[in-house]
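Asks: With the hints as your guide, set chain B onto chain A.
Sequence order for the protein chains is A and B. Numbered according to the numbering used here, the first sequence spans residues 1 to 208. Numbered according to the numbering used here, the second sequence spans residues 1 to 142.
Since no wrong hints were added, every one of them can be taken at face value.
From the structure, some residues in chain A lie toward chain B, with a derived Cβ separation under 7 Å:
hint	residue
1	M14
2	A15
3	A18
4	L22
5	T29
6	I37
7	S38
8	R39
9	K44
10	T132
11	G135
12	I138
13	N142
14	A146
15	P204
No more than 30 Å apart at the CA atoms, straight line, and that leaves these computed lysine-lysine pairs for DSSO-like:
hint	chain 1	residue 1	chain 2	residue 2
16	B	K76	A	K133
17	A	K114	A	K99
18	B	K131	A	K172
19	A	K172	B	K45
20	B	K46	A	K189
21	A	K44	B	K76
22	A	K55	A	K120
23	A	K192	A	K120
24	A	K187	B	K101
25	B	K101	B	K45
Keep in mind the hints are simulated off the structure, nothing from the lab. Every residue gets a Cβ at the ideal spot worked out from N, C-alpha and C, and that includes glycine.
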Amino acid sequence: MAKRAVPEINAGSMADIAFLLLIFFLVTTTMDIDSGISRKLPEKQDPNVEPPILKEKNVFVVNLNRNGDILVENETFMKVNELKDAAIEFLDNGGGTDKDGNKCDYCKGKKSIKSSDHPKKAIISIESARGTKYGTYIAVQNELVAAYNVLRERSSNELYGITFDELLKRAKDENNSVAKAADLKIKVKRIKEMFPMIISEAEPVKFN
Amino acid sequence: MPAVNTASLPDIVFMLLFFFMVTTVMRETELKIKPPKLPEATEVKKLEKKNLVSFVYVGKSIDGKIKGDVIQLNDKISTVKDIRSFILAKRAEVSQSDINKLTTSIKADITTEVGTIYDIKSELREINALKINYSTVQVAKK
Numbered sequence: 001m002a003k004r005a006v007p008e009i010n011a012g013s014m015a016d017i018a019f020l021l022l023i024f025f026l027v028t029t030t031m032d033i034d035s036g037i038s039r040k041l042p043e044k045q046d047p048n049v050e051p052p053i054l055k056e057k058n059v060f061v062v063n064l065n066r067n068g069d070i071l072v073e074n075e076t077f078m079k080v081n082e083l084k085d086a087a088i089e090f091l092d093n094g095g096g097t098d099k100d101g102n103k104c105d106y107c108k109g110k111k112s113i114k115s116s117d118h119p120k121k122a123i124i125s126i127e128s129a130r131g132t133k134y135g136t137y138i139a140v141q142n143e144l145v146a147a148y149n150v151l152r153e154r155s156s157n158e159l160y161g162i163t164f165d166e167l168l169k170r171a172k173d174e175n176n177s178v179a180k181a182a183d184l185k186i187k188v189k190r191i192k193e194m195f196p197m198i199i200s201e202a203e204p205v206k207f208n
Numbered sequence: 001m002p003a004v005n006t007a008s009l010p011d012i013v014f015m016l017l018f019f020f021m022v023t024t025v026m027r028e029t030e031l032k033i034k035p036p037k038l039p040e041a042t043e044v045k046k047l048e049k050k051n052l053v054s055f056v057y058v059g060k061s062i063d064g065k066i067k068g069d070v071i072q073l074n075d076k077i078s079t080v081k082d083i084r085s086f087i088l089a090k091r092a093e094v095s096q097s098d099i100n101k102l103t104t105s106i107k108a109d110i111t112t113e114v115g116t117i118y119d120i121k122s123e124l125r126e127i128n129a130l131k132i133n134y135s136t137v138q139v140a141k142k
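The shape of chain A in the complex, shown without the other chains:
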């Protein structure tokens, strides 16, 4: 039987097919990276436990209403962009001592007796009406987180000479040796403890 020659497949249109697929994937690809403000919710509270009594000066109250007005400490109306500096001033005040009686030696604030005692005691409380727009709420959250970040950044630069972002990035690096990873973890923890992020949220009220 004569050997039959296998005809070669014409690959000329291969490029066209590939192009078609390429365009399909180009169009369907979404390269969005999910990002956002991370927050940890407080644990469920036992209703029988009395909440601790706080000094008024250690609480920075931010009130939001449905019109998007921001009322700080029940006396001054503020714009969103003023909030960060006000929060920094409050957190960084260091007018008194923490619960162990230590003075805040890294605070650079006014040391006013009318503002917070110590960053570890300072609490930011957000009270909002149910009808408040989510956009306003997030803008406020963002400014408050920014205030903490500014202060942590400062401490990190002073103590370790690198930015806090850089410190976090290095701590996350998986190529670190065990000793180095532990060391970085302690550093990150120390900075976080210097300015613990305590943001409390009251149940939204249903007034107009």
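Replies: This is chain B only, laid out in the frame that chain A set:
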């Protein structure tokens, strides 16, 4: 002028094709609500490990038939009460050690009422799903 040799063109195209095929993430859930317009923020963190994230969408209904804010979980329009079973179902999917790493990402429209968000959060607190992430669009710091 001699014609350019295009014989390697398919190879190049295939390479690009593979790149896009590998990087493509197909949208798993189809939105049943109006695509939420996310708020802007500067202090954002990236969400890592997508398989440990459950998404809660909040926005307005497409046809405007339902008044107020609408919550979508997976492919269904849901109520606040459904969040509990949604998170518990997610917990059953992942390994024991990853349970405390589970994050809930709230993708809410900027016009949503804070009251709705609060209801979601208190529901999450009930079942001890405490890590949340308010999904935002990152903008440059001023």
